[in-house]
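If you count by the working numbering, then the sequence shown holds residues 1 to 530, one letter each, in order.
Note that these hints are calculated values from the structure, not bench results. It is possible that part of the hints are untrue.
[Said to hold, decoys possible] Result set (PhoX-like, lysine-lysine): computed pairs, CA atoms no more than 20 angstroms apart in a straight line:
id	residue 1	residue 2
1	LYS187	LYS38
2	LYS18	LYS2
3	LYS116	LYS158
4	LYS470	LYS528
5	LYS20	LYS80
[To be verified] Computed Cβ-Cβ distance ranges for the label pairs, DEER-style:
id	residue 1	residue 2	range
6	ALA189	ILE160	27 to 33 angstroms
7	ARG344	ARG392	18 to 24 angstroms
8	THR61	HIS87	20 to 26 angstroms
9	PRO511	VAL238	21 to 27 angstroms
10	LEU17	LYS526	48 to 54 angstroms
Built from N, CA and C at the ideal position, the CB exists for glycine as well.
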Amino acid sequence: MKYKIHFPQFHKEIELLKEKNILDYARELKIPIGSSCKGRGICKECRIVIEKGCEVLNQKTELENDLNRNERLACQAIIKDDSADIHIRLSYQGSLEQIATEGGKKEVKLNPLTRKKGNKVLFDDKEIGSYQNHIYGIAADIGTTTIVLHLVDLESGKLIFTSAFENPQRLIDGNDVISRIMYDREKPAALCEELISCINEKISKMPCDTNEIYEMVAVGNSTMRDMFFGLDVQSIGVKPFKSVTELRGSFTFLNKRGSNSPLRINKNANIYGAPLIGSHVGADTTAVCLCTGFFDESNLTAMAIDIGTNGEIVLKYDHNIIATSCAAGPALEPMPALRGAIQRISIDNGEIGWKTIGNTEPVGICGSGIIDLLGELIKTKEIDENGYFVNRKVFKITDKVQLTQNAIKGENGLMWSKAAICLGIKVLLEETGISTDDLDRVYLAGSFGSYIDKENARRIGLIPAVPLIKVVQVGNAAAGGAKEILLSRERRRLAEESVKKVKHIDLELIPNYGERLMLDEQNFKKLKFP
1 MKYKIHFPQF HKEIELLKEK NILDYARELK IPIGSSCKGR GICKECRIVI
51 EKGCEVLNQK TELENDLNRN ERLACQAIIK DDSADIHIRL SYQGSLEQIA
101 TEGGKKEVKL NPLTRKKGNK VLFDDKEIGS YQNHIYGIAA DIGTTTIVLH
151 LVDLESGKLI FTSAFENPQR LIDGNDVISR IMYDREKPAA LCEELISCIN
201 EKISKMPCDT NEIYEMVAVG NSTMRDMFFG LDVQSIGVKP FKSVTELRGS
251 FTFLNKRGSN SPLRINKNAN IYGAPLIGSH VGADTTAVCL CTGFFDESNL
301 TAMAIDIGTN GEIVLKYDHN IIATSCAAGP ALEPMPALRG AIQRISIDNG
351 EIGWKTIGNT EPVGICGSGI IDLLGELIKT KEIDENGYFV NRKVFKITDK
401 VQLTQNAIKG ENGLMWSKAA ICLGIKVLLE ETGISTDDLD RVYLAGSFGS
451 YIDKENARRI GLIPAVPLIK VVQVGNAAAG GAKEILLSRE RRRLAEESVK
501 KVKHIDLELI PNYGERLMLD EQNFKKLKFP
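Sequences and hints are given; from them, build the entire structure.
Below is the structure:
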């Protein structure tokens, strides 16, 4: 008799083979299990529950010591005996329920490059077709983790429909762009095809005919934007970490005709890729700058922070703009914003209070919850400012959800993510001579920045120590900026011209950067400079 490994949630099964790990089976069956660390057991994204068949697996590794009794990391669970069936349940499953889709509430003068004149459809005042009904455009924010599509009426400027969903690539090869670049080297075009296929599926469900979509504006980090356009992304993964569009010319924006793309939109449509700022600081940051007014005339000294796996930080001062990116890693997002994720935590006189997305039983903790937890542990002195537990080794939130010392201080742990973002902020302040007291505004962009508690983020040193009234959560400013580009040729031109003036800082070239990251910033002190 041949025994099998079963994934009942997905109605899939496959024959057991010795010495394979469960993550290998999941990949083979296209089961959505993330693994940003490429199977090294560090990111903990591949946590699963063994409902049957624990006895035929290897013993738990040291990396799994903080898991509950029947929990394993799929990448560490190896089949040692093929004499029994194994039943696997994902620790969490579902669709993202907490994505910031809105951003940029300011009105822009409606003057799109794609417009109608009578029954003629024009792009840049040249006829590209004729149509009697409404014409539409899509503003797309293609994130490493999540994607947001806004369907917009190009004649009225009104938002008609929004689709928000996980980037399907993360289930193929993890959460970070370097993993995607390496995978693309091994299997060229596979990730692009997966991305386009998923976007086409979402477009097909929009309340319009696909032939009525005459323009699409795409923003994203440099890797995501270029991959969306089917460009070679290998140059972004090696020094000097530049897109092929940076290497080949004086501008980095892209235009592509619908007939040259597999996207299910009008074949005469224009597909526009917003310009990059430089290196890993991509078109999404350009859109954030546009949406938050960084490209407009203003005397404000302001900082915009997009906290994520690849964090971007921008500082505006004295009519100058400086930007950088930092590899924060996935630690600040232990699980996606799914139903059952703990999103809020409080500790009062030793009593732990929590709230989950969907008000259901907790199955894990997402980014906003982990920031709350760290902030509360600092406030109640359960951990010291160096990140060590004072009187315990593990902090239990529920029987299923806990925080270990290794999760805070271990390789790719929470402290490393916080340190990367904190040091990126400090480097920009050092480069410009600006102090935290000089900041008039601190904008928090993206889904992560939109849902975190500002006070707890400030308490652990994740954002500058400024009065909370100065901290503004701007939602999905990248999608908001993409929408501005879609609806206004003036805003598009402003973005194209302004990115040329932004100074990009490569953190790896900063003297003693590695030493500072490993030593100076490994703490939860408030972020003050100087």
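Comparing the hints with the structure gives:
A hinted pair counts as satisfied when its Cα atoms are at most 20 angstroms apart, and LYS187 with LYS38 qualifies at roughly 15 angstroms. Simply put, LYS18 and LYS2 have alpha-carbon atoms about 12 angstroms apart, close enough for the 20 angstroms limit, and the pair holds. For the given pair, LYS116 sits about 15 angstroms from LYS158 by alpha-carbon distance, which is consistent with the 20 angstroms threshold. For the suggested pair LYS470 and LYS528, the alpha carbons sit about 15 angstroms apart, so the restraint of at most 20 angstroms is met.
Proposed proximity of LYS20 and LYS80 is supported: the alpha carbons are some 8 angstroms apart, at most 20 angstroms. A hinted range of 27 to 33 angstroms for the beta carbons of ALA189 and ILE160 is consistent with their spacing of about 31 angstroms. The hinted range of 18 to 24 angstroms is satisfied by ARG344 and ARG392, whose Cβ atoms lie roughly 22 angstroms apart. In this structure, THR61 and HIS87 meet the distance hint of 20 to 26 angstroms, their C-beta atoms being roughly 21 angstroms apart.
The supplied range of 21 to 27 angstroms is met by PRO511 and VAL238, whose beta-carbon atoms lie about 22 angstroms from each other. The supplied range of 48 to 54 angstroms is met by LEU17 and LYS526, whose beta-carbon atoms lie about 53 angstroms from each other.
The structure fails none of the hints (numbered hints given earlier).
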